[in-house]
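Listed in order, the protein sequences are those of chains B and Z. Position in the first sequence (first residue = 1) + 4 = this note's numbering. Position in the second sequence (first residue = 1) + 4 = this note's numbering.
It is possible that some hints are incorrect.
[Unchecked claim] These stretches of chain Z come out as covered by chain B in the derived footprint (C-beta under 8 angstroms, 3 or more residues):
1. 104 to 113
2. 232 to 245
[To be verified] Derived Cβ-Cβ restraints for the label pairs, each shown as a range:
3. B:R145 <-> Z:G173: 25 to 35 angstroms
4. B:R52 <-> Z:E180: 20 to 30 angstroms
5. B:R52 <-> Z:V7: 54 to 64 angstroms
6. B:H88 <-> Z:A229: 23 to 33 angstroms
7. Z:Q146 <-> B:I238: 58 to 68 angstroms
8. B:R330 <-> Z:D197: 50 to 60 angstroms
9. B:R292 <-> Z:Q146: 26 to 36 angstroms
10. B:I338 <-> Z:T260: 50 to 60 angstroms
[Claimed, not checked] Chain B is nowhere near these chain Z residues, computed Cβ spacing over 12 angstroms in every case:
11. F63
12. G83
13. L264
14. E280
Don't read these hints as lab results, they were simulated from the structure. C-beta: ideal position from N, C-alpha, C; glycine also.
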Amino acid sequence: MSEPVSLILTVLNEGDSIAPLLHSIAAQTRPPDDIVIVDGGSTDETVRIIDRLSNALGLPVRLFVEPGANISRGRNRAIAEAAHDIIAATDAGVRLDPEWLARLTRHFEPPESADFVSGFFLPDPQTTFEYALAAATLPAREEMGRGRFMPSSRSVAFRRYVWEAVGGYPEWADYSEDVLFDLAVMARGFHIVYEPDAIVWFRPRPSLAAFARQYRNYAYGDGQGLLWPLRHLIRYGTYGILAPLLGGIGVKRNATLGFGGLALGATVMFYTPYKRLWRMRHELGWKRLAAAAALIPLIRLTGDAAKMYGYPIGLPEGWRNRETVRIYRRGEGILPPSDAMQPEPPKNPARFSQN
Amino acid sequence: MFVIADEVREALANERPVVALESTVIAHGLPSPTNLTIAHEMEANVRAAGAVPATIALFDGTIHVGLSDEQFERLAAPGVEKVNLSNLSLVLARQGVGATTVAATIWCAAKVGIDVMTTGGIGGVHHGEAWDVSSDLPALAQTPVAVVCSGAKSILDLRRTREWLETWGIPVVGVETDVFPAFFSRLTELPVDVRVETPEEAAHIVGVHRTVRESGILVTVPVPAEHEVPVAAFNRFLAAANAELAAHNIRGADVTPALLDALARISEGATLRANEALLRNNATMAARLAVALSQLDEELSAR
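Whole structure, please, built from the sequences with the hints as guidance.
The structure is reproduced here in structure tokens:
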């Protein structure tokens, strides 16, 4: 057998989604040798389901409950409790491909000897809206490993020393913690391997309102972590200045220039989502494809509005903590002392739900 | 082409319940001498429940339905070919000894008029490439036989297997289960089409299915709880066994017996005990189903 692996995840009120994940963990062709789950204080049936189902499936689960813990704190606690040096991380609300762990962990063996392996995640849409959302927001597999792709902590594995070196997950960040973790890992120059065939499947948010909440939270996390200021600035500039300006020019001065400029902008904005949607045409059929195509602009605009709302809420906090953020992003964070891993009331109750 | 044992011939002629049994379990599925012991116990269980057992195998260019003790011994000897629909005619033409898989067994059973078959688990869709599908599945889609089993083999991609069954219109009945069992394990997240509490209750559904479709139907029975190997535990055993085979560079036809040996050893016999228990139990359930079907037929003909 290869080197043993601990699988970690955090949960909060996942009563509706935890069973498929546990079944998919049980079906791994390379089973985890140790599973640590940290519950952030679920008020639904999550803990009871984990207890009952992990027993029935024969999963070696150890469950810890830390009421009020955010995702970073939950992950840090789980990794601190993990028995082995290779840590695989996933997330509630997903389903693992049976080969997921085998494909992720083989890269730790010589000659590759990776420090950090990023798997991928694919949407598992059921409704037309979920297809449209997947096309509008989720990268395709061929986009992995280049440019802006950031590993997601729903599908990664790393050596424990990587986690220790960067100071664990940033507990001061309520959201975007995995992007911050990625940036810290990259800053330290660890050997990162991309494994596009290590797949987790997840269902996109089921409604526009849930999606808006999710993107608001992401942007809030971006503000807390001082992430992507240029992207956010461009967004404000596009909606606040450029689009009204071009519209005004189109109405009052030069229709070709104004509306042509808007059309060009829309083409740039929607090219990739429509390209992804086109690839889904066989699954959708023409009628649903048309409906999904009609939803994409609405989704894109809603997502941008949610981000423009969430970012300035998190930004002041990020600015106040800028020295902490800067040190962490350089990969020089300090791991919370082990006594900080014990349960305690949250210092900063979550402003938003985990959704 | 067919050589039907007297007991089976008489039962079929008198419309008495008959249960077909596969023979790969003897030749390739279980280690010696457990294979022969279990094969005889399965036949005994079928008889005890009121049906006639008909184990099917190929000998010397003919298909035998109902075997003698000497034929059982020949199946347990080395060199027996595993027969599915793609090589059935080849083994017959070469006059070899062949042990039938589920696909070949139900094809033979349907040809001689047997409605019910028992096995441990069916083949299915393999992990990896979606086209890597056991011939059991297309055979089930085309052959009007009720197959009593404990789901599909644990090493398969059960989700895709379940989807395949649905796509090709093969109903899945669960006896005392809401979910499609995973051979050694009782629990999966994959629902059956309908739950019944007894094989007699399943017989009513099978009876209706026979009148409307020319396809197979699965009657799934979970492994007895006291012998279950939970799915995650089984996958740990399997990963360790596969690693052992890779370390010893075992390939080709040697893989299955070596894997079964390794699994039994690594699990300290748990997988073997589970396999034996479900085979015995399924034989009883299949016989009860066949008896109930036979009674339904009698009632229909009396009207």
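Hints not upheld, ascending by number
1
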